[in-house]
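Place chain B on chain A using the hints.
Chains as they are written, first to last, in our numbering: chain A, 22 to 733; chain B, 22 to 733.
As the list makes no split between identical chains, a pair holds if one copy fits it or if it spans any two.
Here are the simulated DSBU-like cross-link-like pairs (lysine-lysine), alpha carbons at most 30 Å apart as the crow flies:
| id | residue 1 | residue 2 |
| --- | --- | --- |
| 1 | K577 | K547 |
| 2 | K547 | K579 |
| 3 | K653 | K562 |
| 4 | K575 | K547 |
Hints were generated in silico from the structure; no laboratory data involved.
Number of protein chains: 2
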Amino acid sequence: MAKVSCIHFSFISFLILILFSHSWFPLLKPGILGSRNRVFGSLSKTKVQQSKNHLTENYHHPLDPLTVKEINKVRTILSLYSPFFSFSPTIHSLTLEEPDKSRVLGSKRGHPFPPRKARVIVLSDGKSHVISVDLDLNRVTDHAINTGSGYPQITMEDMNMAVNVALSNAQFNKSVLERGVGLSDLVCLGLSAGWYGPSEEGRRVMKVQCFYSENTPNFYMRPIEGLTATVDLDNKQVVQIFNTGRNIPIPPGNNTDYRFQVQDKLPEKDPLKSISSEKSNGPNFIVEDEHIVKWANWEFHLKADQRVGMVISQARVRDSETGETRSVMYKGFASELFVPYMDPDDSWYFKTYMDAGEFGLGACSSKLVPLNDCPGNSYFMDGVFVASDGKPYVQPNMICVFERNSGDISWRHTEVILTDPKINEARRKVTLVVRMSASVGNYDYIFDWEFQTDGLIRVKVGLSGMLMVKGTSYENVYGIHNQEDLSGPLVSENVIGVLHDHYINFHLDMDIDGPNNSFVKVDMVKESTLQGQSPRKSYLKAKRNIAKTENDAKIKLKLYDPSEFHVINPDRRSRLGNPSGYKLVPGGTAASLLDLYDPPQLRSAFTNNQIWVTPYNRTEQYAGGLFVCQSKGDDTLAVWSKRNRPIENRDIVLWYTLGFHHIPCQEDFPIMPTVSSSFDLKPVNFFERNPILRVAPTAEDDLPVCRPSTSF
Amino acid sequence: MAKVSCIHFSFISFLILILFSHSWFPLLKPGILGSRNRVFGSLSKTKVQQSKNHLTENYHHPLDPLTVKEINKVRTILSLYSPFFSFSPTIHSLTLEEPDKSRVLGSKRGHPFPPRKARVIVLSDGKSHVISVDLDLNRVTDHAINTGSGYPQITMEDMNMAVNVALSNAQFNKSVLERGVGLSDLVCLGLSAGWYGPSEEGRRVMKVQCFYSENTPNFYMRPIEGLTATVDLDNKQVVQIFNTGRNIPIPPGNNTDYRFQVQDKLPEKDPLKSISSEKSNGPNFIVEDEHIVKWANWEFHLKADQRVGMVISQARVRDSETGETRSVMYKGFASELFVPYMDPDDSWYFKTYMDAGEFGLGACSSKLVPLNDCPGNSYFMDGVFVASDGKPYVQPNMICVFERNSGDISWRHTEVILTDPKINEARRKVTLVVRMSASVGNYDYIFDWEFQTDGLIRVKVGLSGMLMVKGTSYENVYGIHNQEDLSGPLVSENVIGVLHDHYINFHLDMDIDGPNNSFVKVDMVKESTLQGQSPRKSYLKAKRNIAKTENDAKIKLKLYDPSEFHVINPDRRSRLGNPSGYKLVPGGTAASLLDLYDPPQLRSAFTNNQIWVTPYNRTEQYAGGLFVCQSKGDDTLAVWSKRNRPIENRDIVLWYTLGFHHIPCQEDFPIMPTVSSSFDLKPVNFFERNPILRVAPTAEDDLPVCRPSTSF
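Isolated chain A, as found in the complex:
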């Protein structure tokens, strides 16, 4: 991983100045109408973007992120807090402390909100402090010190410091120069060290590795192999250096630059320039009060988060039969990642990243590129985050919302039996996508939450960006005695693409028609017929098993032992008596095969099963625990769940881990075409019948009329 915090100190004041005086996004016409700060995309018929003046922003919903004003207030309160008089603690996290769920559920617009609170995590004297600040009472109301293992999220200062300490170390410095690298072309990264036993416990450490950026910004493809420093961040010193790669050349830099402006040879055929448009009458969604998204029959609260990137809250869908707006999901977000590289050598063994807790998906988020990351008519949302000195900064355009008309079919039927009437009915599918991308060093993770009018939510993760590669003296495979001795295939001259996995855990606090739910595993079991009973020998039966305790819902997916996975509301039944529910439908995925007691697997023990269900507990948010850096795995989903608590007929949380195995190939060099995988949350007896039966087919008149742009 990489030193991935994204703004330098010197930039912050400049940024605030810009915020104050300038719009972030060019306007054609202002799109802000009405007293409720609502952006009407479809009526304004312009780009759906308005100037964002975060300095004056207020919150409108109990789950809204802390505003700039609130962040500044917290910093002031902390500066007056006596334990912090003698020093300036480093802020590793400063974020909204969400009100109790029951209070959020009870909130109504126009009524007083629950008190606004901030949760601050600071490091002081090697200890992690968790502080609650009450913004209404203007004081610290809680202060706990972490006694478990692990440290908070790494800051940019940590990473800079690790690199500086390494480069200030004479031996390390010398080793770099010996590789023939000039300091002006050197790029070094601070990488998370994981936890691998007592020698690194009790202090904060990072690994430092370097790359050569001569003639290319794609330094990832030019590793200085086998040179790793372990840096003690507390004492600011190098504690260990491995330099086992002296004889491994630095891979050449040609053909690694991916920027369009430097491509010297145009694609042989580039016919896609005049591409199908998405421009239209304007999108059909509105964003109220900065964070409430309303589209078709869906509404939900959407916000950026410095740790997990993006949070969808209070997702509700309107029942077209009753007009009722019904709860589906209280909260959904990517709670942790686990990215183990499959190479045990001294420069690779520790690469077992947990990117959300170690670096922060929001902190690493990208400014989305219009028309390329997100189609035209996308709505862009900023993140307001906090630097390690407690000062707010803006991560602009880090989330986009857009309506997708992908050409898929919503439902259809051609009636072939009846000739009169002739029936050929089809309806097209239009969906809403909410997207962000986190560039966690080399890798770019694209997160999509896609909402369909039939009630289905599809959660998709896309992977792009660069491989983490290993230098080698091999320029081709012919000299390799046994390719299996390498930790991955050769993807370019002197470049090995090391085998690795990606696991992304999703925290899915389903609230089907309310918080009181149960989890039902519907097993499909083969039954044999009795002798003489039927010409059939076998068939399947669905057997419903309500999970009583956590152990009943620790699930490893098996193709030959299939099940459905329902979250139901046992108190709400359809008119037929079926319980209202949603089911989790996995797509393609992968499972971790690492030894259960391998340190990285202990830390990421949430990957021991693909599915878990826990009783709602406000402290159980992140599957890898709150303090992930160098954690020993003592505060993970797997540990919480050992208590085997009751999960029937109460507020429960569903956890699903999406996985990828990645054996790299040449097409991944020097940058990877996106691969993706997804899972669905699908209504099951939630609606009385097909909820989109009465949708109108699309006619020619529904479509706008387009002419080519002048440049065509």
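The following block gives chain B in isolation, referenced to the frame of chain A:
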């Protein structure tokens, strides 16, 4: 299943008259330009459609389907063929007999083609005859009689006859009337009987069941439960009647009509009328000579097929580095379906459909609805098929081709480490989709082949249409003693959604850089480190295993025993020495759990494994065999493969089965929102590096300018 052939006799002459005098699709401007009958979508800037005069069509490619002229010629030749003098055989199939693969591969435009041949399957005297007709020599050149089990595809006449025989049977007729159904509201279907033992062997049989269509065209939701006739088609008599459902009411018809025109209540909120447009500068693909599709770096031959629906042939991709057009897939198509219902009772046990071989996906294909099934600017292709009297007919607009701009990301990277230069690169994804839909009675199967510029092909199957449901006296679940006693959940009053599976087998004749390939199973295996070797205890290794014989490639997917599945060309290596290849990447899928010796599982034994590889054999096209109706499973992929033939370093065929388990729910009533699943064929070391690195980002000027239509 259903009586699913789609045109009455009386229609055919009318149709031919229409063909002769009228365009099938309204024109704005003719789009046919040039001597090569090329449609230039992007230049014409109108709807990409031209009038199709199939009567005068000629073939242009050895794999082109038989033209109307050729079909008529075959019929003439057959009428003069002495064994058929004394009777008129029923044509169960009349289609192109494709030339030997080596001849097709050797064909070049402008040079003489291999001779045109037709393969005709007729039934005569209860025997299936396979006849080759040489259209150049004007005579029958081969005539074989099937000695194995099974019968050819069911014709519309068969289905009509089965229903007529049943309704002419006094006992059956009386049983229908006793249910309170008037004949004017009766809809009866001929269903495939499968094979269940000696009592039905030696003669062609079908099952007949009836439905009530009073006040709704959605008669599927109103079954006359438990009344089944078995009809002997050869002797035209009823051989068995089950009437065990007398006490089961016919489900009510309210809320079952799905036609838009009859919806009495508009959706509570219908905001999606003014929907995002796909109108543009026009699509970027051309269709040459009716069947050759060229888009971006892809080209392939595309045709309709009466049995399998749609065939993609000679799919080739241009290598942007070398300019070379390289072979990827010789042929790909859905070769068979298997849809077993999980209910052993007398009216359900036999519902174990093999829809391609029994009814024909092309024969059942739908006329795609513009703007709903396929976006604007789609190109539509007809099928030219043959009725049971040997006369040609047109299945209009049964395939569409469109460019999809779905808002996904092709690749991206934001560089967070370097501050100078600031790098934020992203490219959007544009793909080409080829689609058809087969309405096999109640179910609609949507087949998509999606081509990406990075070389990936995604094959997707969508399911919509109606459930096959079972009548019951239960109006809600409260009276049901044990829900597991029913063969599925209650989805409406008196309606059980019977549990069932869908399996779709794909024949993928991969020709990676030519026909000589090998199959490599790359297993990901856990390795343990040695004591003291590393702080890591475990990691994964990729182990390549080249399949030598068929048994090495009979694969059941296992999440905890993962592998990659490569088809490589051992004679073509990248500059690094990696063999050129493509890998099959499964998505979500399902596996059949039926007893291996259960008759339906024997017939569909291709579902015993998810993946198979066979040596190319021109007779091995359809995974369930050539004669599927009432087959005993003696000519399936599983049987061919028992020979355990060598598959290394030769022309091989990859077979993949995509599966769904379906436990119905209320949302599936009265018509199902589309569910879909897919798999990918992805280049692996096929290209020297990322093939889309040099694609330009999309800029504002690339997009057309749109205004709302006047009706907005």
